[in-house]
Amino acid sequence: MPQIKLEHVTKRWEKFVAVDDLNMVIENHDFVTLLGPSGCGKTTTLRMIAGLETPTEGRITIGDTVVYDSAQGINISPAKRDIGFLFQNYALWPHMTVYQNIAFGLENLKWKKDDIKARVEEMLKMLKIEEFVKRYPAELSGGQQQRVAIA
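Going by the numbering used here, the first residue of the sequence shown is number 22, and it counts up by one from there.
Don't read these hints as lab results, they were simulated from the structure. Take these hints with a grain of salt, some might be off.
In silico DSS-like links for lysine-lysine, alpha-carbon gap of 25 Å or less [stated by the list, open to error]:
(1) Lys36 x Lys146
(2) Lys63 x Lys26
(3) Lys36 x Lys149
(4) Lys36 x Lys63
(5) Lys134 x Lys149
(6) Lys155 x Lys36
(7) Lys133 x Lys146
(8) Lys146 x Lys134
(9) Lys63 x Lys146
(10) Lys149 x Lys63
(11) Lys155 x Lys63
(12) Lys146 x Lys131
(13) Lys101 x Lys26
(14) Lys134 x Lys155
(15) Lys149 x Lys138
(16) Lys155 x Lys131
(17) Lys155 x Lys138
(18) Lys155 x Lys133
(19) Lys101 x Lys63
Quick caveat, the model's predicted, so the values are computed rather than measured.
Start from the sequences, fold in the hints, and give me the full structure.
So, in structure tokens, the structure goes:
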């Protein structure tokens with residue numbers, strides 16, 4: 022694998038900063054682990070390297086090829102980056118909010134609306150994901166998605 026270089030890479034969604042001014046070099050044949058708490062930008066960083074998420078600013082180079090540069094308007098498609106990537110996948114519906122994903126199974130079991138609301142709120146609180154209730158899976162970190170799937 023060629024060298025991967027991230028220079029001043031930032032990813033924002035409105036006011037939320039997922040990755041802030043990240044500088045990192047992964048040398049050829051290096052083994053690297055991204056370690057940190059839920060929501061710190063690990064999955065977002067991997068998705069930006071692969072081209073599945075567009076950085077807000079910065080530069081990503083793979084080998085001798087600049088695959089993303091916000092200043093120069095370069096954004097090479099994922100298919101042309103020659104990066105292998107294995108996702109953490111969860112049984113979440115991408116078109117449904119966190120609330121809708123959690124409620125889905127209960128609705129199929131024909132639970133009463135009040136009981137569904139109470140159970141969803143209980144799970145949101147238990148897994149500390151109340152603040153994400155209106156977000157869609159693509160707007161969550163990998164760890165946050167994992168907690169929604171558990172709920």
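How the hints compare with the structure:
no.	hint	verdict
1	Lys36 x Lys146	holds (23 Å)
2	Lys63 x Lys26	holds (15 Å)
3	Lys36 x Lys149	holds (21 Å)
4	Lys36 x Lys63	holds (19 Å)
5	Lys134 x Lys149	holds (22 Å)
6	Lys155 x Lys36	holds (16 Å)
7	Lys133 x Lys146	holds (20 Å)
8	Lys146 x Lys134	holds (18 Å)
9	Lys63 x Lys146	holds (24 Å)
10	Lys149 x Lys63	holds (19 Å)
11	Lys155 x Lys63	holds (22 Å)
12	Lys146 x Lys131	holds (23 Å)
13	Lys101 x Lys26	holds (17 Å)
14	Lys134 x Lys155	holds (18 Å)
15	Lys149 x Lys138	holds (16 Å)
16	Lys155 x Lys131	holds (22 Å)
17	Lys155 x Lys138	holds (14 Å)
18	Lys155 x Lys133	holds (21 Å)
19	Lys101 x Lys63	holds (22 Å)
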